[in-house]
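Enquirer: Here are the chains, one letter per residue:
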Amino acid sequence: MIAFAELLDRLTLTPGRLAKIALLRRFFETEADPDRGWALAALTGELSFATAKAGLIRAVAEARVDPVLLGWSYDFVGDLAETVALIWPATTEAAPPSVTEIVEALRTRPKGELPALLTGWLDTSGPNVRYAVLKMITGELRVGASARLTKTALAEFAAAHGRVVAPDDVEEVWHSLTPPYQPLFDWLEGRSEAPDAAGAPVFRPPMLAHPLEPPDLAALDAAAYAAEWKWDGIRVQLVRAPGGQRVFSRGAEDVSAAFPDLDGVLASDAVLDGELLVVRDGAVAPFADLQQRLNRKTASAKLVRDFPLRVRLYDILFDGAEDVRALPFPQRRARLEGWMARHPSDRLDLSELIAFGSIDELAAIREGTRAASIEGLMLKRLDSPYVPGRPKGLWWKWKRDPLTIDAVVMYAQRGHGKRSSFYSDYTFGLWRDDGELVPVGKAYSGFTDEELVKLDRWIRNHTVKAYGPVREVERGLVLEIAFDAAQFSTRHKSGVALRFPRVARLRWDKPFEEADRLETLLGHIARQA
Amino acid sequence: MPHPDTWLCVRPEGLYCSPGNFFIDPVVAVPRAVITHAHADHARPGHGAVLATRQTLAIMDVRMGQGRAGGTQQALAPGETLTIGDVRVWMQPAGHVLGSAQVAIEHQGSRAVISGDYKRASDPTCAPFVPIPCDVFVTEATFGLPIFVHPPASGEVRKLVDSVALFPERTHVVGCYALGKAQRLIALLRAEGWERPVYLHGALIALCTLYEQLGVALGDLRPATGAHKADLAGAIVLAPPSAIADRWARRLAEPVTVLASGWMRVRQRARAKGVELPLVISDHADWPELLATLDEVGAPEVWVTHGAEEALIHAAQARGLRARALRLLGYGDDSAEEAPPN
Ligand SMILES: [Zn+2]
Ligand SMILES: [Zn+2]
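So the protein lines, in turn, are chains V and R. Quick note on numbering that gives the first Met the number 0: the first sequence kicks off at 0 and runs consecutively. Quick note on numbering that gives the first Met the number 0: the second sequence kicks off at 0 and runs consecutively.
Just chain V, same shape as in the assembly (with noise of 0.2 Å):
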């Protein structure tokens, strides 16, 4: 467990992705079965336990330490586990558990006996371990590394074993896997060959396309590519095979049990790529409304009946057992339209071909969309097989051009990572009748290096105030901030929410009196709606 809590102490505080990758393969190369197996399993999310609830953690530190100290100590730490994982008295640290024996335990003994167990595991670890164990127990092990990047971590540990396994490799196998996946590290360290996943419904990785930008466009042949709307949902595969159906989100998260409503939705075995949208009387709802089905574990009768989904298709990776992703796109099309009309079901449908003459007419239809649940065209090359990642110049999506404002900087902050030590995330504020400027949104992106260093000095120049991390700066520069779609939100003081904000140009030579009022945003929501 020592070297497993420092992992989780060092992922959750190393911000670079080829440092995280170094973490977790030097922890898969130093650590014993099983334990580096249910490691795993906490860091992929699939090991919850959450037996213990913070009344439990509390009673246990309160047998043990000061109740007033305990108190005054939770006020400066703002979380519990951590406290009682530094308050805890020191003792021996003989032999702290090992993650298999509390996995174990949590797993065989009663309910009753967690009291005792874990003033057991507090009393034999450091305070490191001690952290690790109570966020074990309370289902709360959530660190910087997503489950992509601890597989990608996991091909890089084969190579080191002479394997060539790539992410996508061990992605197709994850879900027929149990934990501690020793038949895993078996394939991984060369002792066996790949575990077959025949017949359990598994992750496929998708294929996703790419950003069309105007020299791309120019060199597009029309009659190259079928073209469909980009719907704005969120993209998600229905895998049915004879061990079940799931719901993969596009990060390879089961998210089956957050829809209990696409329960059943396949009816026979297939591997189905589509957009996960809420629809009510055939009208696709705002994002806003799929947002509250969204990060949630399960959904109440209550949810499922507001807020009804949908599941547009785009594509079929598998008829039956048949793997089609080696078809071409027209193929792959009839096949997917086939399996439609043999298992017909009212939370499926298909996505609409558009028909076009030329990339002119495509253009024209694009701009002539007036829906806010569409976020622009895809578009597909029709002699394109289903090749996972982002190949280049088989799909493209070309989204509708970005509505803009221009916004007044209000407030800045430290970006991460590389840009930790410039000013890189705005907050930007319009000016509301009365005078005041109220902030509406944040944006990150959309600036180059040399912008970014402008950018920081300027901030740095025109502070008013620091809070912490963050700044306040006078008013004087506008930016031209473009979003893919605003909403009315009762959460945010300008009452309107910005979908994707991001820095469409600095603009030095605009005075900041003259950037745009609110109200001509709220309009502009008014009538979209």
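These are computed hints drawn from the structure, not numbers from a lab. Heads up, some of the hints might be wrong.
What the hints assert, rightly or not - As a list, the in silico SDA-like pairs of lysine to any residue whose alpha-carbon atoms are at most 25 Å apart: (1) V/Lys398 to V/Ala465; (2) V/Lys453 to V/Gly434; (3) V/Lys441 to R/Asp245; (4) R/Lys158 to V/Arg25.
For this one, chain V is given, so just place chain R with the ligands on it according to the hints.
Expert: The following block gives chain R with the ligands in isolation, referenced to the frame of chain V:
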């Protein structure tokens, strides 16, 4: 026997001893000051007469410039006794930084000890704390909460050396205070076998040079300014905490941000400051050291100057001691020292 209450009191300038007519660590310029150590929140410029250890006076001269560190200076050796007015005064090491001392004052048979800032953990760059039995013990409480337990500093420094081995191409830039922490870190690194050069931000050079003149060997030190980026790959660079995530750090090769401070015990603090490798190394007593010290000096009464007073007072009272907060303002808030987190 007059209670120290009657001859040692808090004035706006700081703690004042009336029968001796002097202040201890006053926060503004006064005619007569006794200084426990040279951190900027304890040693201010412009006093008339200054009494302190030889090393503290030397450090004050370097920090403030000749002539600003007291109109007249008098050095006091550890254990050497002086009579000032109607009191006897002597000093004993506080183990905080080079030259740091506790001030013992005796008046008509009653004795108060003002410990200044102190720690009990070993420090190769300064003399260890000497407990003085007394009637009133005046203590700091910078880390006066039971969550603060500083691990052995050698283990923390090993983490730094390990990290350089894991990321040999990256510069490890360590935020540390210019007086005390920087020199202690270098000495600890040397003790761990780090013989390569240690690079210094310009703000740390003068005090490192002075430490060496005062007999603390620090090995191969080089200025970071002007060093080639390639030389700094895999190097350890020490800098003031304010510089590690600032423009200054951009000259370094993919820096790993390290901060050596007692506050790094709390993860949230490390995260909020963007620290990649926190090292829990402090020159202040942690909670167990504070309590152990109260037990050792055996004073029936404790006055707490600055820090988390309420928790230490609560714990002292639970031990049957009389305890109160002095509510002195102006300490612990200087960037020269281990400032409270913001
Ligand atoms: Zn100090
Ligand atoms: Zn101090």
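Enquirer: All hints, please: hold or fail.
Expert: Comparing the hints with the structure gives:
1. V/Lys398 to V/Ala465: violated (38 Å)
2. V/Lys453 to V/Gly434: violated (28 Å)
3. V/Lys441 to R/Asp245: holds (22 Å)
4. R/Lys158 to V/Arg25: The hint holds at about 15 Å.
Violated hints for the displayed structure, listed by number in ascending order: 1 and 2.
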